[in-house]
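Modelling step: build the complete structure from the supplied sequences, incorporating the hints.
Numbers given in the numbering used here equal positions in the sequence shown, counted from 1, plus 363.
Hints are computed from structural coordinates only; laboratory data are not their basis. Errors might be hidden in some of the hints.
[Unchecked claim] The calculated label-pair distances, taken between Cβ atoms and stated as ranges, are:
no.: 1; residue 1: R736; residue 2: K866; range: 28 to 38 Å
no.: 2; residue 1: R382; residue 2: N801; range: 49 to 59 Å
no.: 3; residue 1: Y387; residue 2: A459; range: 38 to 48 Å
[Claimed, not checked] Quick list of in silico lysine-lysine cross-link-like pairs, DSS-like style, CA-CA up to 30 Å:
no.: 4; residue 1: K708; residue 2: K739
no.: 5; residue 1: K875; residue 2: K885
no.: 6; residue 1: K889; residue 2: K861
no.: 7; residue 1: K856; residue 2: K708
no.: 8; residue 1: K829; residue 2: K757
no.: 9; residue 1: K609; residue 2: K875
no.: 10; residue 1: K875; residue 2: K889
no.: 11; residue 1: K880; residue 2: K623
no.: 12; residue 1: K647; residue 2: K708
no.: 13; residue 1: K829; residue 2: K791
no.: 14; residue 1: K739; residue 2: K695
no.: 15; residue 1: K861; residue 2: K791
no.: 16; residue 1: K609; residue 2: K841
no.: 17; residue 1: K609; residue 2: K390
Just so it is clear, CB atoms sit at the ideal spot from N, CA and C, and this is done for glycine as well.
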Amino acid sequence: MENMNVFFDVLTPVHFIRRSALVYPDKTAVVYNDQRYTYREFYERVTRLGDALRQLGVGKGDKVAFICPNIPPMLEAHYAVPLIGAVLVSVNIRLASAEISYILNHSDSKVVFVDNEFAGVVKPIVGELSQVKKIVNICDISADRPLDGPEYEEFLATGSTAEIVPVVDDEYQNITINYTSGTTGLPKGVMYHHRGAYLNALGEMLETGFNSTSAYLWTLPMFHCNGWCFTWGVTAMSGTHVCLRKVVPEEIYKMIDREKVTHLCAAPTILIGMSTYATANSLKLERPLQVITAGAPPAPTIIQNMESIGANILHVYGLTEVYGPHTVCSWKEEWADLPAEEQAKIKSRQGVSYIVAMYTDVVDPLTMQPVPRDGKTIGEIVMRGNNVMMGYYKDPQATATAFEGGWFHSGDLAVIHPDSYIQIMDRKKDIIISGGENISTVEVENVIYRHPGVLEVAVVAVPDEKWGEVAKAFVVAKEGANPTAEDIIAFCKANMAKFKAPKYVVFEALPKTATGKIQKFKLREKEWQGRQKKVN
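Set out below in structure tokens:
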């Protein structure tokens with residue numbers, strides 16, 4: 364008690380669950396299939412997990428990894444691990460064995476929890492995990508224990524429900540490490556602190572209008588930026604977490620209806636699947652649904668399609684390095700009378716800083732001077748503030764590069780409009796420089812998305828003898844539609860400057876990350892094989 368300060372307390376999101384258990388003990392906190400936990404039960408499970416980990420010798424600064432989909436144990440980990448001062452490492456469930464081995468070893472993880480579905484990927488690397496002292500089996504889909512170690516519920520039973528005083532004495536203490544997708548080499552471990560997680564969690568709730576009567580559907584992976592901090596935010600507001608193991612449209616709509624879901628987050632590719640399914644099954648939403656989208660700039664067409672079935676789309680933008688979203692396309696009442704197509708165009712902009720984020724700018728990356736707010740001059744998006752990472756774990760050089768000039772460099776190229784709303788034009792590595800002219804792949808994609816026969820598209824630069832590089836479009840056609848390459852190219856030339864139109868169009872499936880982002884780097888690598896450029 365001697366460290367108590369009348370006018371200060373450490374900001375940590377682990378406080379949220381204690382308050383909700385106190386205020387709403389009998390309210391439903393977590394729903395998963397037929398399981399239902401009240402806030403009292405949720406808190407007790409978290410305390411048991413924390414104590415069970417303590418008994419293993421896990422303490423302040425130790426790393427605990429989870430390889431688990433969006434089911435209750437993953438949610439419980441977001442409280443139990445930081446509660447005892449340890450650091451949560453949420454591992455992407457779609458990674459290969461070698462990638463998981465690298466992350467577990469690089470992060471110095473002492474305990475690893477593995478869901479049965481992914482045990483086959485972990486089993487071959489168990490011998491490589493030199494620092495792992497215990498593996499726990501999460502037996503959600505079967506009772507088997509494929510790995511040598513206890514079952515999750517048994518492990519929980521070894522812990523006490525006696526209240527744990529949070530082992531957090533510094534709000535800049537590391538709370539989680541999130542590994543980037545490693546598109547430019549080995550994955551980097553992004554370190555979050557308790558203060559940033561606390562503030563970003565509250566920021567999500569403020570910006571999305573979430574309250575104690577709301578229900579949140581887990582369509583966004585919790586391993587991705589810790590679910591953009593919704594893992595903590597939903598609990599802060601004493602809302603209901605609706606867990607979802609498989610993110611498929613049929614399950615999404617079933618849970619929206621059954622659990623009266625009010626909010627969900629999803630990448631544009633998930634929204635394409637949802638709107639396609641709704642159209643095919645003549646579905647309309649019966650209640651208001653706030654959909655928060657990010658992960659890639661959404662085409663206005665995707666926004667329009669979702670809003671036509673009754674959803675309201677809120678577009679946010681950020682990166683793993685900024686706890687998920689950092690900007691939001693805040694809605695203005697004066698836009699309400701605009702035509703639907705115009706509204707969708709406005710909503711596709713990345714917008715302005717979150718209330719809790721504050722500092723975002725578009726600058727010339729060489730001079731670090733802000734670009735004119737003219738909606739035309741391209742610069743790089745930079746950020747600073749409470750929700751910027753502490754740095755990359757055990758990688759001071761990459762950290763120094765990311766923080767050059769006193770800002771975090773996003774690598775995203777954008778313009779800033781006179782109303783201070785940011786709009787991404789491209790990633791630095793994606794921009795096409797054709798005959799000295801800059802072509803935004805996002806702009807070309809947005810036009811192609813308007814073609815009635817197109818479901819998905821990715822545009823990348825490919826080598827060209829005359830122009831240096833030109834645009835190539837990789838297209839997935841809608842079911843039953845048969846557009847040709849000539850159709851797509853002609854459509855582009857009719858709807859934008861002719862030099863921006865793709866020179867080539869192919870029809871094939873698009874490579875994606877676990878969070879639904881299209882992996883353009885894979886398409887580029889294939890096209891630039893053996894060349895010096897565009898393989899980053």
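Structure-inconsistent hints, enumerated in ascending order = 8
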